[in-house]
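Q: Each chain, written out:
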Amino acid sequence: MMDRPTGGGQPTPEFEAQQAAWEASSAKGKPRSGPGSGATDRTLSDIPLKTCYGPADTAELDLARDLAWPGQYPYTRGIHPNGFRDRLWTMRQFAGFGTARQTNERYHFLLAQGQMGLSVAFDMPTLMGYDSDAPHARGEVGKCGVAIDSLADMEVLFEGIDMGKITTSMTINGPAAIAVAQYIAAAEKKGIPRAMLGGTIQADILKEYIAQKEWIFPPRPHMRIIVDMIQFCTEQMPKWNTISISGYHIREAGSTAAQELAFTLADGFAYVEACMKAGMDVDSFAPRLSYFFNAHIDFFEEIAKFRAARRIYARRMREKYGAKDPKSWQLRFHTQTAGCSATAQQPENNIVRVAYEALSAVLGGTQSLHTNSMDEVLALPTEKSVEIALRTQQVLAYETNVTNVVDPLGGSYFVEALTDEMERQAEAYFAQIEEFGGVIEAIEAGFFQKEIADASYRYQRSVESKDRVIVGVNHFTRDEERGDMDLLRITEETEREQAASVRAVRESRDAAAVAKTLERLKAACADPKDNLMPHLIDCVNAYCTEGEIVDTMVSVYGRYTERSVF
Amino acid sequence: MDRPLRIVVAKAGLDGHDRGAKVIARALRDAGMEVIYTGLFQTPEQIVQTAIQEDADGIGLSILSGAHMTLFPLIIDQLKAQQAEDIVFFGGGTIPPEDAEALRERGVQAVFTPGAPLQDIVDFVNDACGKRRALVG
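If you're matching them up, the sequences are chains R and V in order.
Read left to right, the first sequence gives residues 1 to 566 (this note's numbering).
Read left to right, the second sequence gives residues 1 to 137 (this note's numbering).
Keep in mind that a hint or two might mislead.
[Said to hold, decoys possible] Take a look, some chain R residues computed to stay more than 10 Å from chain V by CB distance: (1) Lys28; (2) Pro48; (3) Pro55; (4) Leu63; (5) Arg87; (6) Phe94; (7) Pro125; (8) Arg138; (9) Gly410; (10) Gln425; (11) Asp467; (12) Tyr557.
[What the hints assert, rightly or not] Which chain V residues face chain R? A few, computed with CB under 8 Å, are given here: (13) Leu71; (14) Gln109; (15) Thr113; (16) Val136; (17) Gly137.
I should point out that these hints are in silico values taken from the structure, not numbers from a laboratory.
Keep in mind it's a predicted model, so treat the numbers as computed, not measured.
Think of the CB as a built atom: it goes at the ideal place given N, C-alpha and C, for glycine as much as any other residue.
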C-alpha cells in the first residue's frame, strides 16, 4: 500500500480533482430517450435523483445523532444489535378464502411447508360486519378471504393448530375487537388462556378512512373501540401486539412512498395520543404497537423509507411523547410486497418483482414478511403459486447471504441522502396534518384522500406516457396473452353453504343468552367508562353472530358515510 | 355535440378498492366528459337509479373483490327492469379473462382488466356513448 495521507474519509484535493473530472465527463453523457427515459431522474415517488452521490450529500449526517449502531437509538440501522443473525424475519403468508374449513386446510399446508406464523385474510362481508346470509353479502362470501360469522367458524379455522404456540396476525379493522374476542374465546375453549396468545390484529381504522375504505362506525366512536381494545389487551394479553398501524393500503391506494410513511406514522401517533388521553402511561402500551409497510418496486426508495420510519418514530416517541422504555421507541414492522406492482399481463414476471421487493424489505430490516403470489392480480392464489412465494423468502433467507450483515447499506451516500429526504418529506406532511387539527380532522376534510388520488393519477399518467415502463404492460408486450394460468375459484356453493351454516348456528344456541349479552353490549356502547371487550367476549361465547354484534353497535354509533373525492 | 357525455362511475357491493374507479373518473373528466362518481357500497338498484336520474350515457362499474360474476349481471337485470338498456354498460377490475368473456356475452359492452391503457377506455366510452347519444338525443 502506498504511504500517503488518506484524508480519513474527508475529501482530499486529489478526491476533489477526481470529482471535478467526473462531473465534466458526466455532463457529456447523452440521456436515454424513448420509453422509460423520463423516469430515470426520479424515484417512483417523484423524488429527483442525482447521477451519483458523494460525501457532500451526507455532510450534514451526524453519525451518533442520526445513525448510531444497530439496536441503538434512533434505530436507523435496525432495532436488533445482531439483525437477522439472532433471528430471521417471520415468514408469514396472508391467507384465507371460502369457508373456515377450506382455509384451515390451507393453514395446515403452509405450516407443513415451513411457514412460521399465520395471517388471516377475511372476506368482505366479515370485514364490513355483515353475516354471510345478509343481502349486502351477496356475491362476496369467501371471495377475498375466509367467512367468519361466529365463534363456530373461528373454532374450525384453528382446528388442529396449537394456538398457544403459533402466532397469528388478523387483518381486520372495523370489527377488529370482535375478531379478538372470537380468537380469545376459541383458544379458551381449548384450555389456552388469553395471556398465552401471541400475534396481532390490524385494527387500524384511521387508514380505512384514508385509503382502504372498510369502515363501519364514524371515526370518533371507532377510536373509542380501539382504545378499549388496546387497554384490555395491554392488561390481559402480554404477548399480543395490540394494533398493526398500516401504510400498506395507503400505498396500494396510490400514494407515494413519502405519503405512506408520513400518513402511517401520523396515524400511529394519533393512537398514541388517544391512549394517553384515556389515561394510559405511554410505556405501558407503546412497546406492543406494531407497523405494516408496503415494499414497492423502487428498490432504494423503499429501503430509505424503512430506515427513515424507524428514526422518525424513535425521535417522536422519546422527545414528543416522553416514552422512557427503549421498547417504546422501537418501530417494529411487517412488510408485504406491493400488490399494485403486480401485472395481469405475463403474470409469471410477478415472481421476479416480488423477489426484488422482498429483498428491499429485508435490507430495510423488516420483522416479518409476506411475499405476494404471482396470480394475485387475477384471483386468490393457488397452492402452487403460494409455495413459490414462500420459497422466494426461503431462498433470500438461506441462500443469498444477505442476512449476515446488519443494515448493509448504512453509510451509502445515496441511501443516507434518500433516508434524510424521506424524513424531511414526512415532517412536512406532519406539519400540514397539524394545521388541520389532527388526523381525524384531516380525514374529515378529505386531505389524505385527495393527496392519494392526485399521486395515483400522476403515476397512471406517467405509465400512459411510457415515462414509467412496466414490463409486459406498456413495453415488451406479447400480442397474445397465454391464458393457461390455473386460478383458484370460489363458487356460489361456498356462499350457500356458509349462509346455511350461520343459520344453523342461530337455531342451535341459547336465545336468551344472545339477547342478554347483546343488551349489555348496547348499554356499554353508550357508556364510555365501560370497556367493551369483556362484553364482546360474552356475546361471542353466546354465539352471537358478527352481524348481530355490529348491528347492536351501529344502533348506538351509526354507520359512517364518506364524502367522495376524485 | 351540445353537451358533454355524462358517465356514472360506480362501485358496488362491499368492495372498498376505489383507486381504479377514481383514476378512470378523472381520466374521463379530463377527456371532457361529465363524471358522476357514486361513492362506495352502492346496490345495483341505486346505481341504475343514479344513471337514470342523471340522464347518463354510460355506467362504468369497478370491482376488485371477486364479486363481478354476481354484481355485473345484477346491474344488467336492473337496466332491463328499469327500461334503461340504452345506457352503455362497461366495467373493469381484477377479472380473469374467461370471466371477462362471459360478462361480455351477458351484455357488458366492454371489460377492462389491470394494465388497460386509460386512452383505450376513454376511446371506448367516447365511441360507444357517443353512438348512444346520437340515437337517443
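Q: State for each hint whether it applies.
A: Right, here's what the structure says about each hint:
no.: 1; hint: Lys28; in the structure: holds, 36 Å
no.: 2; hint: Pro48; in the structure: holds, 24 Å
no.: 3; hint: Pro55; in the structure: holds, 41 Å
no.: 4; hint: Leu63; in the structure: holds, 41 Å
no.: 5; hint: Arg87; in the structure: holds, 35 Å
no.: 6; hint: Phe94; in the structure: holds, 15 Å
no.: 7; hint: Pro125; in the structure: violated, 6 Å
no.: 8; hint: Arg138; in the structure: violated, 6 Å
no.: 9; hint: Gly410; in the structure: holds, 34 Å
no.: 10; hint: Gln425; in the structure: holds, 21 Å
no.: 11; hint: Asp467; in the structure: holds, 14 Å
no.: 12; hint: Tyr557; in the structure: holds, 17 Å
no.: 13; hint: Leu71; in the structure: holds, 6 Å
no.: 14; hint: Gln109; in the structure: violated, 20 Å
no.: 15; hint: Thr113; in the structure: holds, 5 Å
no.: 16; hint: Val136; in the structure: violated, 27 Å
no.: 17; hint: Gly137; in the structure: violated, 29 Å
Violated hints, listed in ascending order, are 7, 8, 14, 16, 17; each of the other numbered hints is respected by the structure.
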